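Protein chains in written order, with numbering that gives the first Met the number 0: chain C, 0 to 380; chain G, 0 to 295; chain D, 0 to 358.
Treat the hints with care, as some may be off.
Listed next, the in silico PhoX-like pairs over lysine-lysine satisfying Cα-Cα at most 20 Å (straight line) [unchecked claim]: (1) K94(C) x K188(D); (2) K118(C) x K332(C); (3) K321(C) x K341(C); (4) K188(D) x K136(C); (5) K94(C) x K27(D); (6) K118(C) x K188(D); (7) K116(G) x K294(C).
Source of the hints: derived by calculation from the structure; they are not laboratory data.
Note that the structure is predicted; figures quoted are calculated from it, not measured.
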Amino acid sequence: MKFAKVFAAVLLLLFAVTLTPSAAEDTIKFGAILSVTGPASFLGAPESKTLEMLAEEINAKGGIKGKKVELIIKDSMGKPENAVSFAKQLIEEDKVLAIIGPSTSGETMAIKNLLEEAKTILLSCAAAEVIVDPVAKYVFKTPQKDSFAVRKIYMEMKKMGISKIGVAAGNTGFGKAGKEQLEKIAPEFGIDILISEVYDKSATDLTAVVTKLKAADVQAVVNWSIVPAQSIIAKNMRQIGMTVPLFQSHGFGNIKYVEAAGPAAEGIIFPAGRLLVVNVLPEENSQKPVLAKYKSDYESKFQEDASTFGGHAYDAFMILAKAVETAGTDTEKVRDAIESTKGFVGTGGVFNFSAEDHNGLDINAFDMLTVKDGKFTLLTN
Amino acid sequence: MSAELFFQYLVAGVTYGIIYSIVAIGFNIIYNTTGIINFAQGEFVMLGGMTAVTLNGFMPLPAAIVVAVLVTMAIGALVEIVFIRWLVNPSVLRMIIITIGLSILIREIALHVWDEKVRALPYFTGTSVSSIEVGGVHISPQVLWVIGVCTVIVIILNFFFSCTSMGRQMRACSDNRNAARLCGISARNMVTLSFVLSAGIGALAGCVVSPITYVQYDSGTGLAIKGFTVAILGGLGNSMAAVAAGILLGVLESFSIWVMPTAFKDALSISILLIILFARPSGLFGSREVFSMKEF
Amino acid sequence: MDRSKYIPVLVLTAVVISVQAITAAMGKGFYLTQLTMSAYYSLLIVGLCLLMGYAGQISLGHAGFFAIGGYISAFLTTFDLTPYQTGRLVSFRADTGLLQARQDLYGGHLLTLHPWSACLLAVLVAVTIASVIGGPVLKLKGHYLAMAPLGFGIIVYAIVLATPLFGEADGLSDVPPFELLPGLSISGKLSLRVQNYYIAWVLVIATIILLQNLVHSRVGRALRSIHGAEDAANAMGVDTAQYKLKTFVLSAAFAAIAGVCLTHYNGGIGPSEASIMKSVRYVAIVAIGGMANLWGALVMGSLLNFFSLRGYFGSFDDAVFGTILIVIMLFSPEGLLRMEIVRALSGLFRRGSAEEEAS
Numbered sequence: 000m001k002f003a004k005v006f007a008a009v010l011l012l013l014f015a016v017t018l019t020p021s022a023a024e025d026t027i028k029f030g031a032i033l034s035v036t037g038p039a040s041f042l043g044a045p046e047s048k049t050l051e052m053l054a055e056e057i058n059a060k061g062g063i064k065g066k067k068v069e070l071i072i073k074d075s076m077g078k079p080e081n082a083v084s085f086a087k088q089l090i091e092e093d094k095v096l097a098i099i100g101p102s103t104s105g106e107t108m109a110i111k112n113l114l115e116e117a118k119t120i121l122l123s124c125a126a127a128e129v130i131v132d133p134v135a136k137y138v139f140k141t142p143q144k145d146s147f148a149v150r151k152i153y154m155e156m157k158k159m160g161i162s163k164i165g166v167a168a169g170n171t172g173f174g175k176a177g178k179e180q181l182e183k184i185a186p187e188f189g190i191d192i193l194i195s196e197v198y199d200k201s202a203t204d205l206t207a208v209v210t211k212l213k214a215a216d217v218q219a220v221v222n223w224s225i226v227p228a229q230s231i232i233a234k235n236m237r238q239i240g241m242t243v244p245l246f247q248s249h250g251f252g253n254i255k256y257v258e259a260a261g262p263a264a265e266g267i268i269f270p271a272g273r274l275l276v277v278n279v280l281p282e283e284n285s286q287k288p289v290l291a292k293y294k295s296d297y298e299s300k301f302q303e304d305a306s307t308f309g310g311h312a313y314d315a316f317m318i319l320a321k322a323v324e325t326a327g328t329d330t331e332k333v334r335d336a337i338e339s340t341k342g343f344v345g346t347g348g349v350f351n352f353s354a355e356d357h358n359g360l361d362i363n364a365f366d367m368l369t370v371k372d373g374k375f376t377l378l379t380n
Numbered sequence: 000m001s002a003e004l005f006f007q008y009l010v011a012g013v014t015y016g017i018i019y020s021i022v023a024i025g026f027n028i029i030y031n032t033t034g035i036i037n038f039a040q041g042e043f044v045m046l047g048g049m050t051a052v053t054l055n056g057f058m059p060l061p062a063a064i065v066v067a068v069l070v071t072m073a074i075g076a077l078v079e080i081v082f083i084r085w086l087v088n089p090s091v092l093r094m095i096i097i098t099i100g101l102s103i104l105i106r107e108i109a110l111h112v113w114d115e116k117v118r119a120l121p122y123f124t125g126t127s128v129s130s131i132e133v134g135g136v137h138i139s140p141q142v143l144w145v146i147g148v149c150t151v152i153v154i155i156l157n158f159f160f161s162c163t164s165m166g167r168q169m170r171a172c173s174d175n176r177n178a179a180r181l182c183g184i185s186a187r188n189m190v191t192l193s194f195v196l197s198a199g200i201g202a203l204a205g206c207v208v209s210p211i212t213y214v215q216y217d218s219g220t221g222l223a224i225k226g227f228t229v230a231i232l233g234g235l236g237n238s239m240a241a242v243a244a245g246i247l248l249g250v251l252e253s254f255s256i257w258v259m260p261t262a263f264k265d266a267l268s269i270s271i272l273l274i275i276l277f278a279r280p281s282g283l284f285g286s287r288e289v290f291s292m293k294e295f
Numbered sequence: 000m001d002r003s004k005y006i007p008v009l010v011l012t013a014v015v016i017s018v019q020a021i022t023a024a025m026g027k028g029f030y031l032t033q034l035t036m037s038a039y040y041s042l043l044i045v046g047l048c049l050l051m052g053y054a055g056q057i058s059l060g061h062a063g064f065f066a067i068g069g070y071i072s073a074f075l076t077t078f079d080l081t082p083y084q085t086g087r088l089v090s091f092r093a094d095t096g097l098l099q100a101r102q103d104l105y106g107g108h109l110l111t112l113h114p115w116s117a118c119l120l121a122v123l124v125a126v127t128i129a130s131v132i133g134g135p136v137l138k139l140k141g142h143y144l145a146m147a148p149l150g151f152g153i154i155v156y157a158i159v160l161a162t163p164l165f166g167e168a169d170g171l172s173d174v175p176p177f178e179l180l181p182g183l184s185i186s187g188k189l190s191l192r193v194q195n196y197y198i199a200w201v202l203v204i205a206t207i208i209l210l211q212n213l214v215h216s217r218v219g220r221a222l223r224s225i226h227g228a229e230d231a232a233n234a235m236g237v238d239t240a241q242y243k244l245k246t247f248v249l250s251a252a253f254a255a256i257a258g259v260c261l262t263h264y265n266g267g268i269g270p271s272e273a274s275i276m277k278s279v280r281y282v283a284i285v286a287i288g289g290m291a292n293l294w295g296a297l298v299m300g301s302l303l304n305f306f307s308l309r310g311y312f313g314s315f316d317d318a319v320f321g322t323i324l325i326v327i328m329l330f331s332p333e334g335l336l337r338m339e340i341v342r343a344l345s346g347l348f349r350r351g352s353a354e355e356e357a358s
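In isolation and in its complexed conformation, chain C is listed as follows:
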């Protein structure tokens, strides 16, 4: 029974500690649930850095309409159960105006219904199509749709006369969503997927997988995965002497991966937002100033390369900030303002939201890029 007493004492102590009064009001609260650490940290870490940078920047300018932005970032470590707990905290305790994130599709799906019921705005940084299909009134997302990336790839293949392909995907939410779209859309373009392989995300050597692809006699390989597998597959393909074109997903968006793959990365073709090729974009491109500013701000502040993932958080934050500027801090009005955002130039493309489209991007958000002499460049035919 002494333990029961200790239990009681500890619980009381706990409440003494946690029931501290909350800070003064008159700020606009933005919540964020991101996988800053854990298996999806390659998404969450740049996203969280980007948000911190933007909040600092906007507050230095005096905030939005004279109100400072208070950013509350929660590290979910990529776990849906944490995302659920944090989402409830942000909604009820911190009473945030909107939540940015989560970074992964699994977490976003875990809290989608919750946000819808609580009538709180969610701007997801995850890619999966199901997030905005069916459309939930309060749920938006900023990354380009996987299906557009797939279509871009297939359009390129048609041009190159490729019709028999092999698909490899990592066992992450990203790989899964990509593989589904690849399989779904292939018939539209008359493309045959001869073989489709899923491998472990932390696989250290994929020779056996690429050997299987080689044996299937494909004309091209599409790989849909994250680091490090996307570099490993490029290396292993070249090592076993496969010379067919390798297409990667829009997740291949960081020059570091090219460096990691070394010469093997040469000639990889992939769809991506324009952040990676901002230097070679024509001057008249409307995205160029936005991209150049984000890239130089991020890189000078954090001493690392900007990635397209951080860009998703940039878009989410800026769309939200703009909506608050026009509509104030009433949730319903902000939601309507986001939904009626047109022609917003972000890092991922030009956003045109509507009641049916809570992503707002079209296929033009992507360009086909390739790797030449260790650098990203636009694919020109």
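Once you have looked at the hints, place chains G and D on chain C.
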């Protein structure tokens, strides 16, 4: 399956297998002198790779590797002295939990010292695309480096344990700790030495495999699980058997990809382990008599 | 029977009620969300405590059983049977009330298994698996015993991560509320928070009463004798293998029930619930609470999970558990609540009849 494909799978399998074996050897060295399974062994591999990558920014590759191995050995000694050395007759359960805790701790420290990014050393010879073609089978030169280093490690270890005084002392501690102590051998120092040795081997392995597998703060865990699997498959404590078991498991995994989705590869190798555990806990190559005498 | 052993249960009940009352009075009702979640984790943890502390068996695979419970019930309650409606098996089930038709948030109609039948099936699967692997696993000793459940956990993780029906890396979402009785359901809806808090803690209290009776019965004495000296217990005619197996199966069943409940509460489950780190975390909590100490495990289980779920540890979540694990094992392998300092502290409260804790 054509002969060419068959050999390509075989080469891939041997590559996996050798990597697993080097980790398993690290497990065995500590197990032999202490009876402890050091679950943080995978973290030594990670530390070696990460340190070498960082150092490679300041010094040439061979120097970076040497320093990284030395640094990791020092960390190995530190871990043993701080966490293990002063425990009096710890139970197996306690040691398992402590080393698991250590592995988590080292991993998390690495996350905050470095970051979440993936790193790699450059290829020792050639580049990522160079390969040596033998009868239609392509082999990366780095694979030869891995095989070579593993062979050297096994030869040196065998020599060390059978021909040097220190190696004999370590073996004596493993056979009978009290008797060894009575003969004037410092059992405690031998335990520290075994941690230093296995940390060094792990770090060296981490450097050699990093161009192939890359290294990240959490890459130790997966390697440790595979290495432990191999160590048990071969029979705990037997380094030669670990190499054989490692290659066997690697080849099995490699060929399993041919018949079933790759995603189930890990489930397969662990299932094999469980079957072996249930049916023949002394391992594939271990002797049942010796096994039954061990006190764990 | 010694009636004093019910006093802690009464205290726990009082604490549960007063926590709800205090939070409600202070307008901080939202704490109940994480307290509910940690209550479900505590179900697993007290079960594991029985296995580790009383039967002396470590299991680094209990997240696997949790995931089996959660995933099976999530799958069965979200998998739409409408296309199979005409099949004989499905129509038979519909007649017997085993199915449930519902509408999702976006107006789609679904016909799925009723959560009750899904729950029973999920627990049954977990119990069956535990019985099948339990026999050979528990014959092992030392490192091999530690490795076997760990391997089992890895296999479960690999399977849920590789199976499209289980949502692969995304896990399963849109899991409906679990209607226990009309008007009483496990659901994450904010309006049902208080109700769910009590459902969860009533479950915990019931479990604690059950386990406490168990450890004070013949079975409990047998279990302790296994922990102390297995050979001697065997020689005295205690069928140690049977007792160990039953404990293993029982703890697996609790893990599965915890999985089912939390999955309905969260409205989904992801592969992270099956990961090795989760299993390690459960073992850490039992170790901190004191191996053979149900109350210690319960206190630590609810506290640490509460802190973790509220995000107090930030990016150091795993590091905190790693550190706690090492520190406890180095300095107080019998657990934190067994340390002399706590003993002295609680001695201040003690009124004499606390011998039952002295095991």
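Proposed proximity, K332(C) with K118(C) (alpha carbon, max 20 Å): Distance ~12 Å between K118(C) and K332(C) Cα, so the pair holds.
Satisfaction of hint between K27(D) and K94(C), Cα-Cα up to 20 Å: With Cα atoms ~13 Å apart, K94(C) and K27(D) stay inside 20 Å; holds.
Agreement of K116(G) and K294(C) with the hint, judged by alpha carbon distance not exceeding 20 Å: Between K116(G) and K294(C) the Cα gap is close to 19 Å, so the pair holds against 20 Å.
Given pair status - K341(C), K321(C), alpha carbons within 20 Å: holds (11 Å)
Satisfaction of hint between K136(C) and K188(D), Cα-Cα up to 20 Å: holds (18 Å)
Pair hint outcome, K118(C) versus K188(D) [Cα-Cα no greater than 20 Å]: Within the cut-off at roughly 12 Å; holds.
Proposed proximity, K188(D) with K94(C) (alpha carbon, max 20 Å): Roughly 17 Å separates the two Cα atoms, so the pair holds.
Of the hints listed earlier, there is not a single one the structure fails to meet.
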